[in-house]
Structures are given as C-alpha cells and as structure tokens.
Amino acid sequence: MDSTKTSDYKFTDGLRDGIPIGLGYLSVSFSFGIAAAGKGISIFSALLISMTNLTSAGQLAGLGIIAAGGTLIEMILTQLVINMRYALMSISLTQKLDSSFTVGHRLGTSFGMTDEIFAVAAGKKGDINVRYMYGLILIPFICWSLGTFLGAAAGNILPDMLKSALGIAIYGMFLAIFIPPARKSVGVFSVVAFSAAMSCCFKYIPVFSGISSGFSIIICALTASVLGALIFPKKEDEADV
Amino acid sequence: MSDLKILVYILVMALVTYLIRMIPFVLCRKKIQSKFLQNMLYYVPYAVLGAMTIPAILYSTSSIISAVVGLGAALFFAFRNKSLIVVAIAACAGAFVTELIMSLLVNA
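Protein sequences, first through last, are from chains Y and Z.
In short: position in the first sequence from 1, add 563, done, that's my numbering.
In short: position in the second sequence from 1, add 429, done, that's my numbering.
Chain Y extracted, bound-state conformation:
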C-alpha cells in the first residue's frame, strides 16, 4: 500500500450513516418484492436476487428478463449497461481509502457499492476505513433484503401514504450530502447544477427517452465532472471540502 494514513471512523459511525439509506431502501425494495410477486417469482427467488445483487434498477430490469424468458446474453448486457456506473464509483472511491483496505476487504466491501452507499462514503471528510465501510453497508443490506421479503410475502401491509412518503427518503439524504459542499465551493455547485440540468434534458426531451436511466447517469456524471475538472480545478489546500 502506498497510503500510510489511517482513518478514525468507527463501525458505529457507519451504522448511523446507514440508517437513512436503509429507510429509503425499505420502501424501494418493498416495491421490488411486490413487482417480483406480481411476475410470478417465488419469495425465495426475489429474496435471493436482492441479497446477491443489492441494486435497484439492475434488479428490476433483470426481473423483467427472467419473467419474459429472455436470454442469458440479454441479461449480461443489460446488467453491464445499467450497472456500469458502479465501476466509475468504485474508481472514485479508491482515492479515499486508508491502508486498512487490503485486497480481501476490497473484495468484501465492493459488493456493497450502491449509489447511496458510495455517495455517503464519498461525502465523508478525509479517508475512510474498512470498519466504517462494513458498518455503512450492513443496515442498508438488511433493509434491502427485509423490504424485498415483506413486499413479496405481503405486499399490502404498509398504508399507501406511508409507502409513498418513504420513497423520498433517499433523495432527502442526497440533498444533505451535496448541499453543504455546494454552498462552500463554486466548483461543486456548478457540477451539481450542470449534471442536474443535463439529467432533466434526458428526462424531458423525447429524443433521449430511449436512453436507460443507468446510462443517463453515466453520461451526465462524466460530462459534468470532466467540465468541473477543466473549469474549476481544485487547489491543493482544498483537499477535502
């Protein structure tokens, strides 16, 4: 390892930061469980999908392929396109790991690289360690599995209004991650604003409607971060906002 720095974050810090992610995951995975049951997938299979994949868009697309009797090639290509953004996130997060991240722990923790877990880990001040990362993954993983099971087993136990309100939890958390640094740094602000504007174009301009949401995120994120690096290069003393 070239990094000799160590990070002070505790396992419990990770657990605490994982709670809002878990809350959001409960509602999202709950709807996934309902969708799986609706397509005639067994509770066991639905649970197995969630416990081995831990991703929303990819699972929903995969479920569609299984239900429609698609080919394995189709499955592989779909997962590649939708989930390729995780490769970008993995590379980005490697720049914030302390020396506790051995190959074994990288094999273990990379399984939990979801949009939300990445976002929270990347938003931490300074480097992170494996204790924090495992803590951060644990609650979202349990909630994702539990929500899937409950949704598949008993789709209608949560009142609609509560289900609906839980859907916004993840986005509230995202705002809490990017608003404070965006207020302090014109670079971060510009990158967020540009990426959001581009994402609106993909959503509302009919020509782009065929582009999958996973692919749209890759295009927006790459363009905005390249522009940010060109126009607002960070100075040395701003290492961690």
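Simulated from the structure, these hints should not be mistaken for laboratory data.
Predicted model, so just to flag it, every value in this text is computed and none were measured.
Wrong hints could be hidden among the right ones.
Taking lysine to aspartate or glutamate and the DMTMM-like style, the derived pairs with C-alpha atoms no more than 20 Å apart in a straight line are [what the hints assert, rightly or not]:
| no. | chain 1 | residue 1 | chain 2 | residue 2 |
| --- | --- | --- | --- | --- |
| 1 | Y | Lys573 | Y | Asp690 |
| 2 | Y | Lys688 | Y | Asp576 |
| 3 | Z | Lys464 | Y | Asp690 |
| 4 | Z | Lys459 | Y | Asp690 |
| 5 | Z | Lys460 | Y | Asp690 |
| 6 | Y | Lys602 | Z | Asp432 |
| 7 | Z | Lys434 | Y | Glu637 |
| 8 | Y | Lys797 | Y | Asp690 |
Computed spacing ranges between beta-carbons, pair by pair [said to hold, decoys possible]:
| no. | chain 1 | residue 1 | chain 2 | residue 2 | range |
| --- | --- | --- | --- | --- | --- |
| 9 | Z | Ala537 | Y | Ile794 | 51 to 57 Å |
| 10 | Z | Leu440 | Y | Ile705 | 20 to 26 Å |
| 11 | Z | Ser431 | Y | Ile639 | 15 to 21 Å |
| 12 | Y | Val666 | Z | Gly501 | 28 to 34 Å |
Yeah, the Cβ is synthetic: ideal placement off N, Cα and C, and Gly gets one too.
Given the structure of chain Y, go ahead and fit chain Z onto it with the hints provided.
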C-alpha cells in the same frame, strides 16, 4: 422458467453486477497522480448525485405536490447542515403531512 433456470439467471446477474463493482475497486490501488483525473474523480460523486436527484425527486412520492413540499423541507434542513438522517426524515415528514392534508381535503 424452471426453478433451476431462474437460479442460473439470478447467479449470472449477481456475478456481472459484482464484477463491475469489484474489478476497479481491487485493481485501482494507487493514488492517481494526474491532476486532471484527481479533479474529475473528486467531482464524480456530486455529479452523480445531481443527476440522480433531479428531476427524480419530483416523482419519488405519489404526487408532485407532496414531493415538492418534501423537497422544500429537505432543502431547509440541508442548508442548515443537518445530518443525513434529519434531512431524510424531514423530507418524508413533509411529504407525508402533505399527502395527509390532501386526502383530508379530497374526502371533506
């Protein structure tokens, strides 16, 4: 599909997803030296969050009205540097109360 075939599909799906996450995480062991790449990777999380949050947050509840109120509540607390959980709960509470009021108005 038979149960066995479904199992194969699930395992292939899981393997592809895991490899995408794992390979760069294990192979990228050094701090990147290029200033441009450092800067770009620094901005990646914010760019990802911007694209994922907007406009998707507006469609995250069952009505745009409750989503806008939830967004407002989240912004209010995020601007005050509140923690993730506080901002997330504020967004849910804002959306929930709005939907409650809306359903009472409809039923009244």
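task = Could you tell me which of the numbered hints above are not met by this structure, giving the numbers in increasing order?
result = Hint 12 alone not satisfied by this model.
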